[in-house]
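J.: Here are the chains, one letter per residue:
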Amino acid sequence: MDEFIRLTIFGLVSASIYFVAASGLVLTYTTSGIFNFAHGATGMMAAFVYWELRFNPDGPQLPTLVALVVVLGVLAPLFGMVVERVLIRNLQGASLATTLVVTVGLLAGLIGLAQTIWPPEQRRFPGFFGDSGFEFLNTFIRWSQAITILIAIGVVIALRLLLYNTRAGVAMRAVVDNRDLAALNGAPPSRVSSMSWAMGSSLAALGGILLAPVISLEIIALTLLVVNAYSAAMVGRLKSLPLTLLGAVILGLLTQYEPSYLPRVFSDDRLPDWLTGLNVSVPVIMLFVVLLILPAAPLRGARLRKSARIRVPGLRTSIVGGGLLVAAALVASGLLGDQDLRRVGEGLALGIIMLSLVPLTGYAGQVSLCQFMLAGVGAFAMAKVGETGSPLGLLAAVALAAAVGAIIALPALRLQGLYLALSTLAVAVLADNMFFPQREVFFSGTIPIGRLDLGFVDFSSDSAYFVLLAIAYALVAILVLSVRRGELGRRLLAMRDSPAACATLGLDLTRTKLTVFALSAAIAGLGGALYGGLKVTVGPTDFQMVLGLPILLLAVLGGIATASGALVGGLFFSLLLIISDEVSALDWLVFIGPGLVGVTLGRNPDGLVPTVSARLHGLRDRLRGRAEPSAAPSPRRILDGLGPDVPVGAPLAPEQLRALDDALGIGAVDGGRQGAGEAKEVGSGAAPRG
Amino acid sequence: MPPDGAGAAPVLELSGVRAAYGRIEVLHGVDLAVGAGQVFALLGPNGAGKSTTLKVISGQLPITGGQVCLTGRVVNGAVPERLAQAGVCTIPEGRGIFPSLTVRENLQMMTFSGRPRSMIEEQAYARFPRLRERRRQVAGTMSGGEQQMLAMARALTTDPALLLLDELSMGLAPLIVDELYEIVGQIAREGISILVIEQFAATVLAVADVAGIMLQGRVVQVGTPDEMQTALSGAYLGGGG
Amino acid sequence: MPLLGVETASVSFGGLQALQDVDLGVEPRCITGLIGPNGAGKTTLFNVICGLQPTTRGRVVLDGDDVTKLKAHQRARRGLGRTFQRLEVFGSLTVRENVRTAAEIRRRWSHDKSNPAAIADELVEQVGLGPVADEQVDTLSTGTARLVELARALATRPRVLLLDEPSSGLDEHESEAFADLLLELTRDGLAILMVEHDVPLVMRVCSNIHVLDFGKLIAVGPPDDIQANQAVQEAYLGKAGADDAA
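Chains as they are written, first to last, in my numbering: chain W, 1 to 690; chain S, 1 to 241; chain X, 1 to 246.
Because the hints were derived from the structure by calculation, they are not lab data. Computed from a predicted structure; not experimentally measured. Incorrect hints may have been included.
Stated by the list, open to error - Partner residues aside, some chain S positions facing chain W, computed with beta carbon under 10 Å: (1) I91; (2) I97; (3) S113.
Even glycine gets a Cβ: it sits at the ideal position worked out from N, Cα and C.
Turn these sequences into a full structure, and let the hints steer you where they fit.
T.: Take a look at the structure:
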């Protein structure tokens, strides 16, 4: 009984931390509609900054309260507001892929930044009041644990008061209900969401500072706090704070009960080997289960969105392009040293994995965060079957990855958009904890992976393998492009544009999604097998979810709907590798770089290749003398300048007009600037009617 | 009685306004003017662009051409909340309320117009005693008519310069529609300019000073309510009405 | 027995009764009209018929079979096609590709293996989209995009076609041509159920008209009866309008 009480109390302590973090996530998501993948990373940064201010022996060693006020009251809210202003506000109406990439970019960037500022070392981070505490129900409870529970209760009360008893809080709930109507009432939704991001960031910071003494000050572990927060928040469908609290309590108790009670189920009172890793996986498993028991959303209708026109190269063009790539690789293999060959080769191999996102995300509009995990599955198959470089290894990689991809997709298929992305994240983290570390997989630390040997050609030398990677990239790119031009490609685009219309035409959406998931997984598996061969040996941490983030970011950077975009993304990665190897201070550039790229995508969601090509066309038009339309005039307040003595609609005297202009800070309206869209000739594009 | 507006800039004037959803243009040059104290009824079939016109005026949809003027000032590109604070009150299609907020919290949202809460509650409850009884009720659980009254309370209590109404009658019983338009008439008598959109026109024509018919993204005809009544019977029921 | 039948269909959203015990029948080779004021529940009824909206009560019967339990794509495979009031075109494909994709989807579930590209070419000409066949659909006007939806629905060779305000966005002249096209389609054996606000068009082409108001069926009958029906007058023009007309 004592044990049960102890576990329950400790479970409530964990639940308190999860709730604090999850409530911030819910606040930001409901008011802005943007899911913040960087929520845990924000908490991680805050914990480190707090350590810097409070505990760093070389730092100012501020008193606890002062450090807390600086971090929670100043820095974190400021950070949240800047993020909202710079990144999030532009994302209204953007596609899900774009919104995901921006916050995933922020996540990657923050990890890279933290790794650079705070390289791994032992850091002391005691909880409040250190190890002192008190006895309660035969259980020794530390003050810090009691405080954690009190803080959570305080957060519950404060949120309740804010949301129901202040105008700002009511405005927040109003924005959740109906954003447009809130604006029509005169409540600026942007200010509301700025405020909620400030609060969300503060709550993330509080969660991070509370969690750090429990799990130690470690970058990735703290960042993954976000997964715990997701699981709790998902119980409330990312909307309801009371249900989020319930979710946090369930999760907190589960994480405490599981390690103590579950082993007793087995005969020798310990978990079997294949279940090692279960302890850390409880939040992910809970997230997955909650996602699966959520009721399916109704079919989404069409959404009008602007995207760059992407020209699809014909078969001949893509073959010529592929040939050029291989030729360039042949030349480069003679010029570059072995080390550079490996780095650029890594870019090519990752480029193939990025190509796997082109049909899935670029055409079908589905977002997956587990492509790198699938690549790992491919590498695993290559290691087992193609140890000697047998082509069968590549086949096995493709087949196994496709099968795993389909199996992952199967339960996730009823989910759409964000929930689907979250479930792929859950699977990837689960594989990190439970699949890759298995004794039969990569347990022994590193296992060798063969390089393709076709009998008549052997690709075992670095330069030959480099050319092989280029050939593989070219072939996959040609395949992906012919998919786009063919029946499947049209079907995928149709499904992305309007799932509802597809269903009424008789299309089985489930099967179509399954097909594209399997195809995408197969490509990722192939890429992973070749990537493994390049590395020669791989280990259990080589395919972690976090390491896969730059892949998604760079694929979107190049242009998620284009085959050449993946190459750009891959080569960009090589460049970052080279720079970070040469400049030791920039060790984590492979994170910071893609992170920066991700966050800038908010302004440019189509990616580099389509944008550059559109710019080139624009430049050509301008050279031919077509004018760019001038920007629309800035907003002006007008009617409120009219005092009660001026009847609405009555002509204003010149001096009144001048006074009004002065009051509003505007000059006379220049009639010539008004025709904002005239130069565009909107109507001219309209097609003749049928 | 439309006041004599000679020489005055209309409260609202659209000239050559174009707007598009994505790449599809739906307003192809809309011209219309609402004079001070006028009630302008904008009529026309579904898909003609009436609601889009309203979205353009309230700042919810950017225009791609032409200009929108309020009392002679160009307001192209102004954001909805600024326009709302400046006295443009928009009651959108459907129910212009926050369903998960209580009646009282809904009224509290109206204070962003700059009026104190006590004043808004007082006026709203005076006009709709039923809202006082239900002030703690979650608005979404009230009947359609009560919800629409709560929405109209914003027009009544915030003293707007221009009121935009979109399909007030949608999904409501005729008796309630009559009551709502009685309120519109009352607001109009206070001298507030109103632009009202209705698909089915008889009720609104009774309170309008001017009416316009919109077809395919343009205002094609403007005239007195009587003239429009005749024109509409033809347009809607093929001369049978 | 009608080709498509709806029996006592009821739908409620929260507390709002969107449809209440609606019965409706669509006969083969005929155009059936469905009219009523905004918010009367017409589009909801369409969604019920094609399987995008579950009912709280009632059945949908297609050619004698109860299809109430079938999913949207399964109903489509039994010969139900539709267009949407709020456009659901495939905006990133061209006009021809929109129609062709529909034909390709059909080829996957039917035994008819005719060439989708040829079907697309033929339909594009038939509905008069030839001049814009290779334009990307998200650049087209609303009226034209509606014709794309029509051609796309026809590409699945439906037996019953549901059209949701197909003529809005068309001008008078185009509307005339459109009416002729619809009549031609029924001569080929198609049954059409059409929501439409262009009353002259409805009166011209429909053989039977259902009138919905507040989620209830208030009148059924041939065009002349509907036009003279007092309840319909009131629903459409409000009380005053009906008084004026009387």
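J.: Evaluate each hint against the coordinates.
T.: Here's how the hints hold up against the structure:
For I91/S, the interface hint holds, since its Cβ comes within 10 Å of a Cβ in chain W; the closest pair sits about 8 Å apart. Given hint, I97/S at the interface with chain W, holds; its Cβ is 8 Å from that chain's nearest Cβ, closer than 10 Å. The beta carbon of S113/S comes within 5 Å of a beta carbon in chain W, closer than 10 Å, and the hint placing it at the interface holds.
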